[in-house]
Structures are given as structure tokens and as C-alpha cells.
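J.: One letter stands for each residue in the lines below.
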Amino acid sequence: MALLQISEPGQSPEPHANQKKRAVGIDLGTTNSLVASVHDDRIEVLLDAQGRMLLPSVVQYSSDGVSIGHAAKSSAVNDPLNTIISVKRLMGRSYQDVVGGEELSANLPANKQDENFSYDFFERNDGVVAINTAQGPKTSVEVSADILSVLAERGRQALGGELEGVVITVPAYFDDAQRQATKDAARLAGLPVLRLLNEPTAAAVAYGLDQQNAGTIAVYDLGGGTFDVSLLRLSKGVFEVLATGGDSALGGDDFDRAIMLWLCEQLNIRHIPTPTVERHLLTLACELKESLSQNESHTVSYNDVSITLNREQLNGLIDPLIQQTTRACKRVIRDGGIDISDIDHVVMVGGSTRSLRVREKVSLFFDQEPLDNIDPDKVVAIGAAIQADVLVGNKPDSDMLLLDVLPLSLGLETMGGLVEKVINRNTTIPVVKAQEFTTFKDGQTAMSIHVVQGERELIADCRSLARFELQGIPPMVAGAAHIKVTFQVDADGLLNVSAMEKSTGVQASIVVKPSYGLDDDSITQMITDSFEHAQDDIVMRALREQQVEADRMIESLESALADNGRELLSNDEYQLLSNEISQLALLRDQGNAQDIKQLIEKISVDSEAFAAKRMDVSIKQALAGQSLDDISAE
Amino acid sequence: MDFTQNYFDLLGSPRQYEVSLPQISDHYRDLQKQFHPDKFASKSAAEQRAAVQFAAYINTAYQTLKSPVLRAEYLLQLVDEVIDHQNSTISDGAFLMLQMQWRESLGDISMIDDNNLAEENIDALRGEVKKQGATLQNDFNLQYEQQCYKDAKATVAKLHFVEKMQQEIETIESSLFD
Chain A
2 MALLQISEPG
12 QSPEPHANQK
22 KRAVGIDLGT
32 TNSLVASVHD
42 DRIEVLLDAQ
52 GRMLLPSVVQ
62 YSSDGVSIGH
72 AAKSSAVNDP
82 LNTIISVKRL
92 MGRSYQDVVG
102 GEELSANLPA
112 NKQDENFSYD
122 FFERNDGVVA
132 INTAQGPKTS
142 VEVSADILSV
152 LAERGRQALG
162 GELEGVVITV
172 PAYFDDAQRQ
182 ATKDAARLAG
192 LPVLRLLNEP
202 TAAAVAYGLD
212 QQNAGTIAVY
222 DLGGGTFDVS
232 LLRLSKGVFE
242 VLATGGDSAL
252 GGDDFDRAIM
262 LWLCEQLNIR
272 HIPTPTVERH
282 LLTLACELKE
292 SLSQNESHTV
302 SYNDVSITLN
312 REQLNGLIDP
322 LIQQTTRACK
332 RVIRDGGIDI
342 SDIDHVVMVG
352 GSTRSLRVRE
362 KVSLFFDQEP
372 LDNIDPDKVV
382 AIGAAIQADV
392 LVGNKPDSDM
402 LLLDVLPLSL
412 GLETMGGLVE
422 KVINRNTTIP
432 VVKAQEFTTF
442 KDGQTAMSIH
452 VVQGERELIA
462 DCRSLARFEL
472 QGIPPMVAGA
482 AHIKVTFQVD
492 ADGLLNVSAM
502 EKSTGVQASI
512 VVKPSYGLDD
522 DSITQMITDS
532 FEHAQDDIVM
542 RALREQQVEA
552 DRMIESLESA
562 LADNGRELLS
572 NDEYQLLSNE
582 ISQLALLRDQ
592 GNAQDIKQLI
602 EKISVDSEAF
612 AAKRMDVSIK
622 QALAGQSLDD
632 ISAE
Chain B
11 MDFTQNYFDL
21 LGSPRQYEVS
31 LPQISDHYRD
41 LQKQFHPDKF
51 ASKSAAEQRA
61 AVQFAAYINT
71 AYQTLKSPVL
81 RAEYLLQLVD
91 EVIDHQNSTI
101 SDGAFLMLQM
111 QWRESLGDIS
121 MIDDNNLAEE
131 NIDALRGEVK
141 KQGATLQNDF
151 NLQYEQQCYK
161 DAKATVAKLH
171 FVEKMQQEIE
181 TIESSLFD
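Going down the list, the protein sequences come from chains A and B.
Just remember that this note's numbering sits 1 ahead of the position in the first sequence, which is counted from 1.
Just remember that this note's numbering sits 10 ahead of the position in the second sequence, which is counted from 1.
Among the hints, a few may not be true.
[To be verified] Result set (DSS-like, lysine-lysine): computed pairs, CA atoms no more than 30 Å apart in a straight line:
#1 A:K422 <-> B:K76
#2 A:K396 <-> B:K49
#3 B:K43 <-> A:K434
#4 B:K76 <-> A:K485
#5 B:K163 <-> B:K76
#6 A:K422 <-> B:K174
#7 A:K237 <-> B:K76
#8 A:K434 <-> A:K379
#9 A:K21 <-> A:K237
Don't read these hints as lab results, they were simulated from the structure.
Looking at chain B on its own, in the form it has when it is part of the complex (with noise of 0.2 Å):
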């Protein structure tokens, strides 16, 4: 089958990091309600394997475009900047400073015994994050206008730490309230 469109081009949205969501999830949903598999529910087996194919595409095109870390590398990938994600280390000391910081706050609410506070620090530390990877893809934003790829790479990498970091947020709360 012709997997050959991009992405941007499937979802008819210009090739560039801002993306509107309400735009691509329209886009989304009407391919999706021509080549979903339940479309061809009465077809032949052959047309609803090909169905299940396409449909899967759609939806990673969907996933990594809604996505501000998937889409940035994306971006990258579509100009042969493809990320090494066994080797990429970060080498920007404030950053390295505010994972350190994060990691022990992450830390410190661990011990914490009351529920209560536990949350407060929880949300406060979750904003902060928050805040950090907003900064980051507007970061990314410019570096990539210029094409200035190499720190374009540079704040994939820290755009998937914040990830990360949120992920693990996510699991201390659930393994404190559980």
C-alpha cells in the first residue's frame, strides 16, 4: 500500500511545528470514518487486512501530530535528522541542574506521609514541569524555523526527559493514593 504521504500531508495540515488540534482532528476522524476496519466489517478478508494497515497508519500519524515531543522528532526525521535515542545525552548544565532538583523533589514527596501535602507538592512540582516543556517547544519552534538542527536535537532530548518526568509523577501519585 502507498504509505508514502507524510504525515502533515495525511492530516492536511501545513509541515511545521504549530499544528491546530481542533484542524487535524477533523481531518483524523474522516479518514478514519472512510478506512477504519468496521467500515469493511461485510468485506472480503483481503479488504479488511488492508484496512487494518491503514487505519494503524492514520492513527500513529495522529498520535505522533498531537504529540509535541513525537511531532517535533518527526520534523527532524522528515529532514534526515533522525535521533540516536541510545546515545543522546544533554550537555546543558542549568537543565542537568533543574533534573537534579526535580528528581529530589520527585524524592522528597515520596517520604512525605501526609496525603495531603504529598498532593500539594505533587501539583506544584507537576506545574512546574509543565511549565518547563511549554518553554522548551517554543524553543524547539524557533531552532527549527532557523534550521538551526543540532539544538533542535538537543531540545527533543530535554522535551523527552520532561516526559519522562511527568510519567513519573504520574506513577509516584498513583502509588501514593492506591
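Looking at chain A on its own, in the form it has when it is part of the complex (with noise of 0.2 Å):
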């Protein structure tokens, strides 16, 4: 056994191919989304039917039915009240943000703040948006989950069988309610995801595999609907974000609409009368825009009118949004603690760097030529389908590691409307970080804490995040208890929140209402109301995740038994826990997904010593290895 585990790197035998594991990379974009996996070491972009590789991210939800991508995009301008586009834009946005919110103007651009998605919003009893369509009401989530399930359905086509493992990209500006929306699409659509993985980082993989090289890389990614700037420093196999910013309501959409904006000047329209007239009127814009990347002008008509935009006039009305992309840039420059002059590379994501502009602008910012040899639109993709390959499993000796931020600062809420930061934005994630509470009223037993994102000083301006009820306070004098409240921020960049009072060791209870989005429950009914899934549809997928899990308990937990099991364990232990492996192993073929949910839970906990054991051995042997490096350094 121990001689098997001295294997030089490099040299332990790989799975074998037909023992790989499925797993795939997902680019869930706004305006077009796609996926790719890792097959026989190449990295492909799967296409659908047809020979496509963009899925748009449209979805109509009309009386005959529902329609996915390019059947959909092309209805959008017949039927737009049923049909849903960039819907990424919606993503974790409550109903106030999306109406009649005045409360996130701070984190809009100006031109955002008169802009209407025509779709029919109502408000959910829980705060969160949804749009009536001639399918019923629709969340952000819902149609991110149909989306989803196209690209997953590619997937198994390709592959060959169920998903094992999705790796998800999101914009790495994108806060927790936001990452939590996405999570919640991709656990509707039922994949098993591995990581939400940021943009720009898996732009950086995708390009930093390619090179094998070292340095620090700047990644601009300007999508339709989001801007990201990440800088990144690439030293063997780690991939280290110093800093990320830029803005999660600006992109190429807003080059569209300012040149709508002109073509009603141009057209004499004051209002734009009907969501239908809209769309037409940024199809033009788009048909410009497009046109003009490669010639000088370009004329549409409307209406028998002809109009005629030359490259000059485009860049004047696109110049302020890029110059709101490079004053990002210069923050983030600055967050990263660098000067322009180190950077090594720069990187162009996303369908916008496509624009003449653009690049010319981007090129003479950073005064160095951006490299462009992957596919802008497939870049995102490669990168997710790489960290997916890896973190399945299929590459056991890979070195590459990806060390995220957190994005935003996550605070509470003081006295008098102010924020308190907890953890600062640009911190390497995952995190953890305690704050203590005060009781302020003798034999007080309850208090609440208000949790948001952003950086702003005062709380209106902040993205609330959530508000904890801590109950379970031992009544005490004013003072007396000592509440220590813990903010865990995981990989994916999202918060986890517990409360312990000190003295006493009560572990206080949380109620979590989260400000937006949904709530468990609401999920599992939306798994259960499914039209698409039939009873035994639920029943079946239900089982077939439970056993997934299974599996992989029942595999990791042997290895650690085989491992180390006999050193860490008494007897008894060791024996609990193998005969738990055992039970599972046949409940995972006769059981129903109950009950081997609650045995995998059962085991879960009673498993929890022996992990954190087997941590603390790592951590010896790495020490000590440690300074048995230094000794032969010397």
C-alpha cells in the first residue's frame, strides 16, 4: 500500500480512457451561451444538430410550447412578451431592482436607469421577479435552467452518458445573490456542479495552457450584458487572481441600445411605443454595429426611411461606455497593487472585443498588442471544460490551481444605516472570518444581522444579501454573551454564515431570509412542478443523483479508510464506518433516494473526525516536508 502511493509525478497511471469521467465546461453567457469538454486530451466546443456551436440564451415560452436558442431568438421580435432574452441581466435582481428600483441606481450606469426590460414582471410573495408568459409565471432561474439543460442534453450526446461533473462560468463581478441564482439553474436543470468558475479566469487557463508560461496576465472581457477586468498572476500551475473588478451591468447590449438611442433621434421617435418596435429598432443597431466592423458604413432602413452611420459617428457614441471599461481597468490595476507596465499579457473575451474600437481603445490603454488566437466566444468555455476535466478527477497529477477573490466586500449593517466590512473585496477565497456581538437589553435571547455586498458607505447603497435571525441567546446581562458570528466564503465565491455564544458554547440558530432569490423549498417545488418531468421522471433523476453521491462517498471514504483508516482509528471507528460503506453499497441498488440521502448524511457526519484527522496528518507531512526542503537548501 505504501509503496504505491510513492509514485513520481507524472508517472502514476492515468484512468483509463474508457474509465475517463464525464465532465463538461459550461459558458452561461447573455446573449449566447456554449459548452465544452475534454475528450482524448483535446479540448472540443460541442456543437448541436445542426452543426452550431452558439446557443443563444433566448427562450420563448409560448401557448405551443417552449422553444431553446436560435428557434427562439428568431421569435423574439413576433413575440417578445414570451420571449426572454439576456436573461443573465435578471440573475439574483429582485423585483425592485428590475422595475422601479431606485435603490441600485448607485450600481447602474445612467443610461440603465430608464431602461425597461417589456417584459410583464410581477413580484413573487418572497420579493423575487418573475415574468408571466403564455407558459405561467418564469424566474431568472427557470429559463437559466432550460438553457442549461440544452447544453447538458449537447453534452450526453457527445459524451456518451450522464454528466459526472459541470463546471459553470460566471462574470467575476457577479455578487452572492447572483452566484447563488446561477447555482440554483444548474441544481433545476439537475447537473452536478462542480465549481461556478469566473470568466476571466477561465480565460486565463484556456490561454495560460496554451503558452505554459509565467507573468501577469490582464483579462478584458466585455460580454453583451457585463463588463469583467481580472488580473491574474500565472506562476507553475497556479493561477492567482490579485484583483477583479468592473461593472456587472455594462456591455455590448449598451452599445446596441446607445445606437438605437440615435436611430430614434435620427427617426424623430420621441417614445418608443411598443416592445415590438423596440426589438426592430436594435436589430438595426446590432445589424449596424456588426457592419461596421468590417466596413467604413452602413445604411438600414425603416420604415422606406434610409439611414446611414459611418465608423467616426459609431465611435462617438460608443467612446464614453469604453472609457467606462478602461477606468475600470485603472481600479483594478491599482487593487492589484501593480503597475501597467507589468503586465505581461492581455487577454480579449467576449463577442464586444470583436469592435474595431474597442480593441483599438483596449490596445492603447494597456500599450501592447491584446492576444486574440483563441475564439473569443469559445475562450470562456475551453477554460471551464479544462478546471472541469481537472476537477472530476481525470487528471490526477495535474499541478494547475485556480486561487479566486472575492469579488465585492461583504458587511453588516450598523447603527444609524452604515456598513461595517467584514471581508474585503480582492480577498483570496475561500475565507474565513469571525465577528463578535454583543447582547445590548438583559436576558435579551434574540438579535438580527443584516449582511450585504458592495462598497459603498451606507447600506442603501449595498446589495442586501440576507438578514439572520440568531436565536437560542442564553438570557444573560446586557453585554454578558459573547456572540462570535462566522462568515465562511467558499471556493465559488459564496457565503456561508454560523453563530456560536461564546461563553456558554450554544451554538445560536439561524434563520436565513435571503434578501433575494429562492429559497429552498421554492426550488424543490419548482423540481416538482416541472411540467417536462413526469412523476416518474422525478422519482427516477431523484435516485440518480442520490446514487452519484454514493458513489462518491462510498469511493473517497475507502480510499481514506485504505489510507490511513487503521493509523487514525480505533477499532471501533474503523468498523462503523466500513460496515456504513457497506450498507451503502447496497442501499445505492435497492434503496430509494431517501433513504440513501439519510444514509449518506449519517455517514457524513460520522465521518467528519476521521476528515479532519486526515487533514491534520497532511498538514504534519507538509510541514515537515517543509523543512526538509530548507535543511537540503542549505
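Build the complex from these two chains, which are given one at a time in their own frames, with help from the hints.
T.: In C-alpha cells, the structure reads:
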């Protein structure tokens, strides 16, 4: 056993080709989405039956049924109310944000404040925004889940079976609510998510592995609806994000909108009368933009009126928007604590970086030609596929590691509506931080805590993430109870909060009320409600999910027990766990989803101490190895 | 889990104020290559949770040793000299004067309409604050080595002010150019 463990890096046998696990990377974009996978060491972007790579992120919910992608996109003009485009912009947003909210105006550029999505929005009881369609109410999570399902099916077809791991990319600038919504969508679509990966990091991975170089990389990612800029340091396979920033509500769609407003001026349209007219004008605007990246001028006609736009005029319209992006770049460079001349490479991502003017301005700003040998539409999905392949376990010797950061500071509401920062933005994740509170009344047994995300000083200017009610604080005199609240941000950038009263060790229970977003019950309900799934399907799917979980548990616990179970556990403890594995193996094949789930949970609790002990051993080994290196170095 | 190693041992650096950043960065990356939750992505939930905890601990260690202020504070904490942020005041008259001057300059800058001139002034102030920070770091190093912990604590309070000042300069700069 011991001998087996000492294999030279790169020499331990790779899993046989047909044992490779099926994993895909998904770029869930504002305008288009795509899926890629690593297959026989080649990275492939997966195509649909018609050989198309991009899936328009558009879903039409008409009375005839649901259509997703190209078909839906072509009905956008005729059926605007039932055809949902750019749903990514609605992820993790409340009704207030989307419809009437001035609350978030600080986070939105001026041109956004009067923008209204032309859908029939309504507010659910829980504050989540939903859209009335001919197929009933739809939340952004459900719309995204429909898009993900199509991509996942493409993956199953190409890889020949159920997917075992999925990496989904999100803009680095996404806050907790937006990330959570993305994860919820994946859950609704029944996908086993290994990780949410930041888009710029994915792009850097795609280029990094291509070039095998070390140095500092700036990733400029201008998509349809979001702008991200990230700085990464690449060294010996580790991609360390130094800083990230951007604007979660700025993208190529804004270019279209600027051109559309210009068109309205030319056509003397003061108020756009109907959503259909708006869609038509936007389509013309998009046509102008795309043509001008090839030609000096372009003419469109609207109701027999011809309008010509030339490149110089176009530049005048979009320059202010591009300038917003270079300002964000400047801030990020400062946050990263580096100088602009330290940047070795600039990587361009996102369809909107095809714009000549954008390339020109970005080259000028960074004083170098950006890298563009990977198709900017594909690069994020490619990076996600590489990461999925590693995380699912197909590359046991991989040296690759991505160290991401928290994009926006986490804080708490204090007296007077002010924010006290608990974890600063650009802190490397995972991160755990504890903050202490005390009671201010005698006998106080509950306390409410409001967690927000953002950089501003006033609560009203930040995004409200959740309100926590701490209950079960033992009654004491004012100021005697010390409640330690622990904030944990995991590798996906998602927040978890727990609390404990220190003097008594009483764990205060937490009632989490997400300010935006769906709670667990809503999602379970949606899965049940989903009209696509007959009752049998739901049962089958739940069972399959639990079987995958069970396999993972059996595999990892078996190998852990074989590794050092005898040394770290008493005979009884060892017996307990190995009996439980056998039980689980049996139940996996014969039991129902609920029973399997319960046993997995039980084993999970029973093996907690073992996992911690194993971690300790690894830490000791790591430290011992370290001092050994030090000695040999001297 | 065993979180008893101090940050210096964890990152293979001698317990002193002067650290080699490339060296601790190397150690940091090697540790994360072993303990980052991504390395446990196909393992059991219990092992994943343990990895999140330890990776977070490694991150905190690295952040602490990388930052001149946090590193100073941590060194004092290791010799039981805990800094009370609520009640620490700066009593050094010359430094108080400097603080006032800086605040004034900052106030003046926010009144300047000409962006280029404002930027020049910001750069000048930033340079001055940075220089003062470097001096204070030297002071701390000496005070710590000579075990003058009381003085060392006073220096940390000043370093905190310098850091706060640097943040305010950033804030003013972004508000001017946005």
C-alpha cells in the first residue's frame, strides 16, 4: 500500500480512456451560451445537430410550447412578451431592482436607469421577480435552467452518458445573490456542479495552458451584458487572481442601445411605442454595429427611411462606454498593487471585443497588442472544460490550481444605516472570518444581523444579501453574551454564516432570509412542478442524483480508510465506517432516494472527525516536507 | 483541526518583521496546491469542508504576512501584546501635525476642478504617505527587535493611520474620475 503511494509525478497511471469521467464546461452567457469538454486530451466545443456552436441564450414560452435557442431568437421580434432574452441580467435581482428600484441606481450607469425590460414582470411573495408568459410565471432561475438543460443534453450526446461533473462560468463581478441564482439554475436542471468559475479566470486558463508561460495577465472581458477585468499571476500552474473589477451592468447590449437611441433621434421617435418596435430598432442597431466592424459605413432602412451610420459617428456613440471600461481597468490595476507596465499579456474575451474601436482603445490603454489567437466566443467555455476535466478527477497529476478572490466586500449593517466591512473585496477565497457581537439588553435571546455586499458606506447603496435572526442566545445581563458570528466564503464565492455564544458554547440557530433569490423549498417545488417531468421522472432523477452522491462517498471513504484508517481510528470507529460503506453500497442499488440520502448524511456526520484527523496528518506531512526542503536548500 | 502552527512556521518564514515575499508566496502556493478545496472536488463532503477550513486558514496566514501592518500586529499578538483598536490613540505631536496636514491636502484636492492638476496633487500626496509608511516600518522593525513593545504598538497605530489614508486617497481619486 505504502509503496503504491510513492509514484513519481507524471508517472502514476492515468485512468484508462474509457474510465474517464464525463465532464463539461458551460459558458452561460448573456447573449449566447456554449458547452465544451476535454475528450482524449483534445478540447472540443460541442456542436448541436445542425453543427452550430453558439446557443442563443433566448427562451420562448409561447402557448404552443417552449423553444430554446435559435428558434426562440427568431421569434423575439414577433413575440417579445413571451421571449426572454438576456436573462442573465435578471439573475439574483429583486423585483425592486428590475422594475421600479432606485435602490440600486448607484450601481447602474445613467443610461440604465430608464431602461426597462419589456416583459410582464410581477413580484412573487418572496420578493423574487418573475415574468408572466403564455407558459405561466417564469423566474430567471427557471429560464437559465432551460438553457442549461439544452447544453447539458448536448454534452450527454457527445460524451455518451450522464454527466458526472459540470463547471459553469459566471462573471467575476457577480455578487453572492447572482452566483447563488446560477447555482440554483444548475440544480433545477439537475446538473452536478463541481464549481462556479469566474469567466476571466477561465479565459486565463485557456491561454495559460496554451502558452505554458509565467507572468501577469490582464483579462478584458466585454460580453453582451457584463464587463469584467481581472489581473492574474500565473506561476507553476497556479493562477492567482490579484484583483478583479468591472461593471455587472455594462456590455455590448449597451452599444446597441446607444445606437438605437441615435436611430430614434434620426427618425424623430420620441417615445418607443411598443416592445415590438423596440426589438426591431435594436435589431437594426445591432446590424449597424456588426457591419461597421468590417465596413466604413452602413445603411439600414426603417419604414422606407434610409439611415447611414459611419465609423466615426459610431465611435462617438460608443466611446463613452469604452471609457467606462478603461477606468475600471485602472482601478483594478491599482487594487492589484501593480503597475500597468508589469502586465505581460492582455487577453480579450467576449463577443463585444470584436469591435475594432474596443480593440483600438484597449491596445492604447495597456500599450500592447492583446492576445486573440483563441476565438473570444469560445475561450471561456474552453477554460471551463479544462477545469471540469481536472476537478472531476481525470487529471490526478495536474498541477493546475485556480485561486480566486471575493469580488465585492462583505459587510454588516451597523447603527445609523452604515456598513461595517467584514471581508474586503479582492480577498483570496476560501476565507473564514469571525466577528463578535454582544447583547445590549438584559435577558436578550435574539439578535438580527443584516449582511450586505458592496463597497459603499451606506447600507442603502449596497446589495442586501440576507438577514439573519440569531435565536437561542442564553439569557444574560446586557453585554455578557459574546456571540461569535463566522462568515465563510467557499471557493465558488458563496457565503455561509454560523453563530455561537462563546461563554456557554451554545450554537445559536440561524434563520436565513435571502433578500433576493429563491429559498430551498421554492426550488424543490419548481423541480416538482416542472411540467416536463412526469412523476416517474422525478423519482428516477432523485434516485440517480443520490446514487452519484453515494458512489462519490463510497469511493472517497474507502480510499481514505485504506490510506490511514487503521492508524487514525479506533477499532470500533473503523468498523462503524466500513460497515456503513457496505450498507450504503447495498442501499445504493436497492433503496430509494430518500433512504440513500439519509444514510449519506449519517455517514457524513460519522466521518467528520476522521476527515479532520486526515487533514491534520496531511498538514503535518506538508510542514515536515517543508523543513526537509529547507535543510537540503542550505 | 490543528490550527496551532503560527503563520510564520506555516509559510516557512523566520519569525521576524522582515520577510521575503517571493519565498512566502512560493510556500503559500505549494500549500494551496495540496489543500485547496478544488483538490477535494471528488472527495466526500466532510473532506471538502475540512479543506475549505484549512485553505481559508492558509489564506489568512498569507494575507497577514504579506501586509506590513497586519504582520506587525500579528508579531505583537504572538508575544501577547494585543492591540485595542477601539482605544488606541496617537499621542506623538509631530505625527498628529502630519495627520492634519494630510487631511488638509486631501480636502484641497477634492476642491480642484482641473483633473490633471488634481491627479498631480494626488500622486504627490500618495508618494509622501508611502514614504512615511516605509519609515514607520523601519521604526517598527527596530522597536520589535529591541522588544520595546509599547513603542512598537504606537508605531502600529500610526501604520494603521497611513493605511487608512491610502484608502481615502483611492476613494477620492475614484470619485474625481468617475
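J.: Under the constraints set out in the numbered hints, which ones does this structure not fulfil?
T.: Number 8 only.
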